[in-house]
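Just so it is clear: in the sequence shown, position 132 is 132 by my numbering, and no numbers are missing.
Don't read these hints as lab results, they were simulated from the structure.
Be aware that a few hints might be false.
Said to hold, decoys possible - With beta-carbon atoms standing in for the labels, derived distance ranges:
1. Gly104 <-> Asp163: 35 to 45 Å
2. Gln178 <-> His74: 16 to 26 Å
3. Asn136 <-> Asp84: 32 to 42 Å
4. Arg134 <-> Ala81: 36 to 46 Å
5. Gly104 <-> Arg194: 27 to 37 Å
6. Arg22 <-> Val160: 11 to 21 Å
7. Ala177 <-> Ala34: 35 to 45 Å
Claimed, not checked - Distance condition first, Cα-Cα at most 30 Å in a straight line; then the derived BS3-like pairs of lysine-lysine:
8. Lys105 <-> Lys59
9. Lys151 <-> Lys99
10. Lys59 <-> Lys99
11. Lys55 <-> Lys99
Note that the coordinates shown come from a computational prediction; the quantities given were computed from them, not determined experimentally.
In this text, a Cβ means the ideal position worked out from N, Cα and C, and glycines have one as well.
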Amino acid sequence: TTNDDDDARKRRRVAPTNDGWRTFDDSLLARLDAACEPRAKIAAFDLDDTLQKTKSGAKAFAARADDFTTLNEHVPRVLRALHDDGYKICIFSNQGGVKGALDGKRATSVRARLALLATTLETPFQFYGATQMRENDVKKYRKGEIGMWRKMVAEHNGGVAPDLKASFFVGDAAGRAQDHSAVDKEFAENVGVRFFVPEQMFVEGEAWK
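Could you build the full structure based on these sequences and the hints that come with them?
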């Protein structure tokens, strides 16, 4: 029946998966760590070439899950320090290669990557991956739109409003000559938080202070 079909579609749009993973709107992968408690201060990060890089030099979308490592040796220490300083760690990443196949090979690889990252960081975090583009991205999850941020605030921060002045976003797509785009900088600007590139956070020091 029509009602049964509607119910089935709703279940697909908000489907619980293993290890805290959920999917939303056929266009968002989310890892909701039960240990990641609501906080007003949000330390938000891009994933590819910000927290993780490939050991082989391959592009992230084409790499195996076990090819990934942290950007450098400072990443785990910095994220632990942020958590201890009262920040909630969130990762907002464009993962357009997944598209609508939220249980497909690309999505499985993303989940495996994040499992490895969680083991390395030993710090609670939430992950949001926007999987659709253009007209298929009906909820505007893809950066530089801020649908992923809005989802986190509305449904996954326990009703705690973020302190935008204290919060920040770190990403490598800053519109510099060597960058593939400026979507990370645009995302931070559209949310209304400070923006840093990875070098400021993981090489030059504690940029958030």
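Consistency of the hints with the structure:
1. Gly104 <-> Asp163: 35 to 45 Å: Holds, since Gly104 and Asp163 (Cβ atoms, about 37 Å apart) stay within the stated range.
2. Gln178 <-> His74: 16 to 26 Å: holds, 21 Å
3. Asn136 <-> Asp84: 32 to 42 Å: Because 39 Å falls inside the window, the suggested range holds.
4. Arg134 <-> Ala81: 36 to 46 Å: holds, 38 Å
5. Gly104 <-> Arg194: 27 to 37 Å: holds, 35 Å
6. Arg22 <-> Val160: 11 to 21 Å: Given a distance of about 20 Å, which is inside 11 to 21 Å, the answer is holds.
7. Ala177 <-> Ala34: 35 to 45 Å: holds, 42 Å
8. Lys105 <-> Lys59: holds, 16 Å
9. Lys151 <-> Lys99: holds, 18 Å
10. Lys59 <-> Lys99: At roughly 17 Å apart (the allowed maximum being 30 Å), Lys99 and Lys59 satisfy the hint.
11. Lys55 <-> Lys99: The given pair, whose Cα atoms are some 25 Å apart, holds under the 30 Å limit.
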